[in-house]
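Visitor: Chain by chain, the residues:
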Amino acid sequence: MTTTTCGPSSTAATGSAPAVTGSAPAVTGSAPVAPPGTRERTQRRVRDGLGTSADRPDGTPKVTGAFAFSSDLHDQRMLWGRTLRSPHAHARIVSIDTSAAAAMPGVVAVLLAEDVPGKATFGLEHTDQPVLARDVVRYEGEAVAIVAAEHPETALRAIRAIEVTYEPLPLLTDPAEAATTDPIHPDGNVFRTLPLRHGDVDATGDVVVEGTYEVGMQDQAFLGPESALALPSDDGGVELFISTQWLHVDRDQVAACLALPADQVHLTLGGVGGAFGAREDVSLQVHVCLLALATGRPVKMLYSRAESFLGHVHRHPARMRYRHHARRDGTLVKVEAEILLDGGAYASSSTAVLANAVCFAAGPYRVEAARIDGQVVRTNNPPCGAMRGFGVVQVCFAHEAQMDRLAAALDMDPVELRLHNALKPGDAIITGQRLTGTAPVREVIEAAMAHPLPPDPREDEPAIALPGGAGLTARREDVRRGTGIAVSIKNLMYSEGFDDYSTARVRLETSPDGEPFATVHSACAEVGQGFVTLAQQITRTALGIERVVLHAADTGVGSAGSTSASRQTWMSGGAVQLACDTVHHGLLERARGVLGVPDEPLVLEPGRVVDPATGAEVAIAQLLRAGPLEATEEHHHAPTSTLDADGQGDAHVSFAFAAHRATVDVDPDLGLVRVLQIATGQDVGRALNPRAVIGQIEGGIAQGVGLAVMEEILVEDGLVRNPSFTDYLIPTALDMPSVAATLIEQPEPGAPFGAKGVGEPPTISSTPAVVAAIRDATGKALTRVPVRAQDIAFGEAGAIPPTAGSTSAG
Amino acid sequence: MPIARPTSLDDAVAVLADDPAADVLAGGTDAMVEISFDHRRPRHVLALRRIDELRQVTTTSLGVRIGAMVTYGQIERDHATLLPGLAMASRTVGSPQIRNAGTIGGNLGTASPAGDALPWLLAMDAEVELASVRGTRRLPVAAFVTGPKRTARADDELIVAVHVPAMEGPQHTAKLGPRNAMVISVACTAVVLDTAARQVRIGMGAVGPTPLRAPDAEAAAAEAIDWDALRADGTAIAAFGQACAAAASPIDDHRSTAEYRRHAVGVLASRSLTRCLAA
Ligand SMILES: Cc1cc2nc3c(=O)[nH]c(=O)nc-3n(C[C@H](O)[C@H](O)[C@H](O)COP(=O)(O)OP(=O)(O)OC[C@H]3O[C@@H](n4cnc5c(N)ncnc54)[C@H](O)[C@@H]3O)c2cc1C
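Taken in order, these protein sequences are the chains called A and B.
Mapping of the first sequence onto our numbering: residues 1 to 810, in sequence order.
Mapping of the second sequence onto our numbering: residues 1001 to 1279, in sequence order.
Bear in mind the hints are in silico, worked out from the structure with no lab data behind them.
One thing to keep in mind: the hints can contain errors.
Simulated crosslink set (SDA-like; lysine to any residue; CA at most 20 Å straight-line) [stated by the list, open to error]: (1) K119/A - P186/A; (2) K1149/B - G237/A; (3) K119/A - G237/A; (4) K1149/B - T726/A; (5) K62/A - E515/A; (6) K424/A - R366/A.
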């Protein structure tokens, strides 16, 4: 177990030395991880191998501004593409007149739905979204026409010159009405209904608590807007440089819509400025390729910020009704829940998001029985899909509020109640699936609670550190402090029987200066998570060399799957490891030949292969004189099954757990909040790069705090009211708490290196922890996130009395 | 597109006399946003950055003259003692980058209901100095700001400075938004106590079409304050907040609700007054 404390904020030091930024984090005891799977292993450590906080290869360029994001893509001959979008949330297209636009000097192409040569629709799970709307638009911002022009301003004028006559149609914006309203799409208004029945569904408890909860629409708010460059290729196909999360699934959708064979569509990853789920779906991919093929010229597209907000999916808003049953001693008897997710106009990954919401509706607790009814529906609201936490964020907010209600009803400490019911290895979750891997739920809770609380308020504290921050709205005596805890369970990898895999190619050779180096070729999308670092670390450790070069991520190698579901360390890290193993094996074969010891178990050390019996050795460089060694391997995870009619089945590969304890200062009169500290314990399996893990934890917490107190896409009558960073607020440095993190390292059986994915859990339980802390400070019920100032200032008092830990400052 | 970059005020007003439709560019933190959003398409720009005389803060026996091109950063760093309330308000504006570029003149030029320098200027009874080839004139801030993003500036006039009368007494500004920094005002108050004249004055931002005063609240508070001890009882302070809230005319929009804004401006008014009295 390793502990690190880090703090962007000076107001809440936790006693230990700040770590993370710049230098190596203060993580101790994390020995480099030996690669499993080979009998003969690297005995000595290679520099910057697994388990170290190796630097990111793209770190310096990103910090100095030299890194090329996809928005920097450029070609001398390129045109600029632009999209005409619907101003209506639901309307019939009566007519489209492109003549004025097409006649404008500098406009090279104006394309409509009828110009799409292949499949008219795309989609991740159901291809229900038109590439360009033909007769109906179903959400504000739906693409209607695309243009290519010599200059971006000309392209902008051209889309304005396109005359579209719309006839507004009745709006379906209330998800509760979707199932019973006339279909707004030929595929109907219900994406998925998922019932789950577990145990004795008629069981009742001594104590019953109920609540209704709501989660608003969060946006991924990445900083690098959608952008791409498409070039027609000589074979009639297209070359696309794109920032995305999954190159191959983009390629397949582009190929289908362009009516091209997949091998004529070649994708290369452009520099990605954040993703968080919003780049899983196709946005401009098909459009930009269509324009390139139609014009025979390279075409660049770059969304404006407002367009980006309309052009990608968001987190599903949720309405949830919960009832928890427990015995007097706190043992959970049954969890009942109705979960309604608003999927917006098109399916995206709605069906999988719902499965997660239903499977994890009870949280990381042992429950004898469960009756869960989930539904995700179509409306004329913006389409929703993947976002960090993927369906679990919504239910975690509800089940954790319920646990606090239950603790209050039982007059029990909320931490005690959670420990009492915490899942352990061997327990089953409500889908009936047993936890065959590690499940340190107790450990993550205890680790979060073990961190010292932030120091008590001081008189000489700068006023800017209080709720309201730079606005100087509060005095110390206006402020109350509160703490809250929340715990989460998240599945890792894709679920429900999907045969997920990743491919990697590793080539080992010598450079002209005689030094051996390896090239790793993977289509894994680096979206900031650090796969580029990890691929190098794995290869260094596995092959005993320091120089590892990364081939550009492209479709010239097999699929790596999506950078989502906390899966790339496990899946693509595993693929790199398998490929390294094969190369490693080849090296040892050659060494046996050179050393003349056909049966000896040899050992790979940094730079050489050694025969431990005799001490004889041979340099890797020498072994490579016979030519490079190369291997391409696919890594599949253990198979999963589908969920049956009762939502039962071994649908998930692995699970990760996290606990967050939040400490907040609240100005109850004005309803303003300053989150002081988040202390967390996180189940990481093994920390392969401790600094990278801490980076994920801090970033995830920022996003969780954002959902707790400010981040929401405001939609009124289907129209987005705040498509800008002026009005869609994300935390600033003054809103970010200090973070005290403990990594629980229990190697996960079956996981490459024992490492679990770490990207999503920090986002999930940080939100309910912050809201619990605000409840603690104010006594308000606060059943909706984000919590707005008026919810605190005017909100109903809640059934959740302050815990013993709460203090009233001043 | 021609860009005039005069180095003197005379040359600058001559440009505007020639072409009153020229767009004045100060720090550009509002103007560039409008251009990016295509809300404004300048044909001719008059850039003020090279006119040194607009960057000065000068004191006279009557008060302080703040040049139109003085930035929030300058006020915060160099003039916090001279202009305490404005320094507090300046600290609430945007990010350090915005405060290094954004100017007081630009805040007046934009005249947003949420302009953060305006409530304090209003509370101080400041006057805007305007210049053109026709001469100069001074207008009280209340007369200068005529509506949301509307001012009494004639097209050929330049905002040259804002004059703040000398005043003894404590000041406090508070600005509220749904984030702890870098946020557009949802409610804002600037309270100044003129201890010589025994007056309380408040400017309220983001709770009406223009920054507002609350004359009834001010008068009642001035009555209630023990000016020798600089004290007032809790009831009077609470009543001040209520009267200020009553004087506000906020709206519902995507940033907040009218109800919350009215409540918040009352709380801020009471707290600002309390802080002035405690100072
Ligand atoms: C990210 C960001 C955050 C912001 N945060 C805040 C905030 O917290 N609070 C706040 O109040 N504002 C904020 N603003 C708005 C802006 O920074 C201020 O209004 C600033 O004072 C504008 O000054 P400027 O010098 O940049 O003006 P400019 O943008 O150059 O000009 C603004 C307007 O005034 C006119 N103008 C400027 N100077 C003169 C003059 N001397 N004579 C005649 N007309 C003139 C211009 O023609 C233009 O119409 C923010 C802006 C941004 C981009």
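Visitor: Against each hint, give a clear statement of whether it holds in the structure.
Guide: Structure-based check of each hint:
1. Between K119/A and P186/A the alpha-carbon distance is near 16 Å, which keeps this suggested pair within the 20 Å criterion.
2. With a C-alpha separation of about 52 Å, the suggested pair K1149/B and G237/A falls outside the 20 Å cut-off, and the hint is violated.
3. About 16 Å separates the Cα atoms of K119/A and G237/A, which keeps this hinted pair within 20 Å; it holds.
4. Simply put, K1149/B and T726/A have alpha-carbon atoms about 18 Å apart, close enough for the 20 Å limit, and the pair holds.
5. Annotation: proposed proximity of K62/A to E515/A is violated, straight-line Cα distance about 28 Å (limit 20 Å).
6. Our distance criterion of 20 Å between C-alpha atoms is met by K424/A and R366/A, whose separation comes to about 8 Å.
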